[in-house]
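Q: Sequence:
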Amino acid sequence: MENNQELLIKLDDFEGPLDLLLHLIKETKMDIQEVPMLIIVDQYLQFIRSMTYLQLDIAGEYLVMAATLLEIKSRLLLPRVDTIEIETEEYEEDLQDELIRQLIEYQQFKEVASALREKEDERGQFFAKEPTNLELLQENIPLKEGEVSLDDMIRAFQKMFQKQLQKQPLHARIEMDQVSVEETMLRIVDTLSKTSREVPIIDFIDSKQSLIATFLAMLELAKEKRVYFKQGTLHDMIYLYAGENIQQEEWYDYKGEENE
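Per my numbering, the very first residue in the sequence shown carries number 8; after that it's consecutive.
Hints listed in this document are in silico derivations from the structure and should not be mistaken for laboratory results.
Among the hints, erroneous ones may be present.
As the list claims (entries may be wrong) - Below, computed lysine to any residue pairings styled on SDA-like, alpha-carbon distance capped at 25 Å:
| # | residue 1 | residue 2 |
| --- | --- | --- |
| 1 | 237 | 159 |
| 2 | 126 | 116 |
| 3 | 117 | 71 |
| 4 | 230 | 198 |
| 5 | 166 | 128 |
| 6 | 117 | 135 |
| 7 | 232 | 245 |
| 8 | 201 | 166 |
| 9 | 201 | 211 |
| 10 | 117 | 29 |
| 11 | 126 | 26 |
| 12 | 201 | 254 |
| 13 | 33 | 79 |
| 14 | 166 | 246 |
| 15 | 232 | 244 |
Treat the numbers as computed from the prediction; the structure is a model and nothing was measured.
Just need the whole structure built from these sequences, with the hints factored in.
A: Pasting the structure below:
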């Protein structure tokens, strides 16, 4: 490493000795496990010496790493005695393997941290929606005179359902007739289009099946403004009357085919 390159790098730029070692290894453009250890040791020690020469404070962890690398270098360079050659080789391999393992783990942590920072930056581009105040949605909005809420309709239909049950004999054979919502809608529209008076909802209910179909038909027709309904008080009868779209041309017959 040349002196001008050394001066461009500061220890403050690194998070520790492993970070500095990774930087030096990347400069060689070699894999961590393939780069010659002596090259990295020399570059690291040369960098530390340059920092000392410039009278810059060096954290203790950098000096500890320097001592470890010096030991590795000395064992790689010193001649070996045959009687202790095997033990020395094993010790050198342990030192190098441990250092390489730490470098690989540190590199993996840096990659994960970089990916998380990217995710954080992406998330920072979004603006979070303020929490919805559900209490505002749950406020009781006062109804105008004659208007009916959905809860009122449900309670009224429950009451009519109980009346229908009371009308049936205790022991009877009941024939289950299929009552469709579309058929009930046609029946209601046909009845209301022929009269200007209000028709009680009970006129369209003659069984439990028709009660459910009538309830759904009434909601659908009200949504399309074909039919309107009103109720005097909570437990009063619900009355239906023709809406502004009662004579709308497109409709469906009992078989579900469109009549024009």
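Q: Are the hints correct? Go through all of them and say.
A: For each hint, the structure was consulted:
no., hint, result
1, 237 / 159, "10 Å, holds"
2, 126 / 116, "15 Å, holds"
3, 117 / 71, "22 Å, holds"
4, 230 / 198, "18 Å, holds"
5, 166 / 128, "58 Å, violated"
6, 117 / 135, "29 Å, violated"
7, 232 / 245, "17 Å, holds"
8, 201 / 166, "28 Å, violated"
9, 201 / 211, "15 Å, holds"
10, 117 / 29, "10 Å, holds"
11, 126 / 26, "22 Å, holds"
12, 201 / 254, "11 Å, holds"
13, 33 / 79, "20 Å, holds"
14, 166 / 246, "15 Å, holds"
15, 232 / 244, "20 Å, holds"
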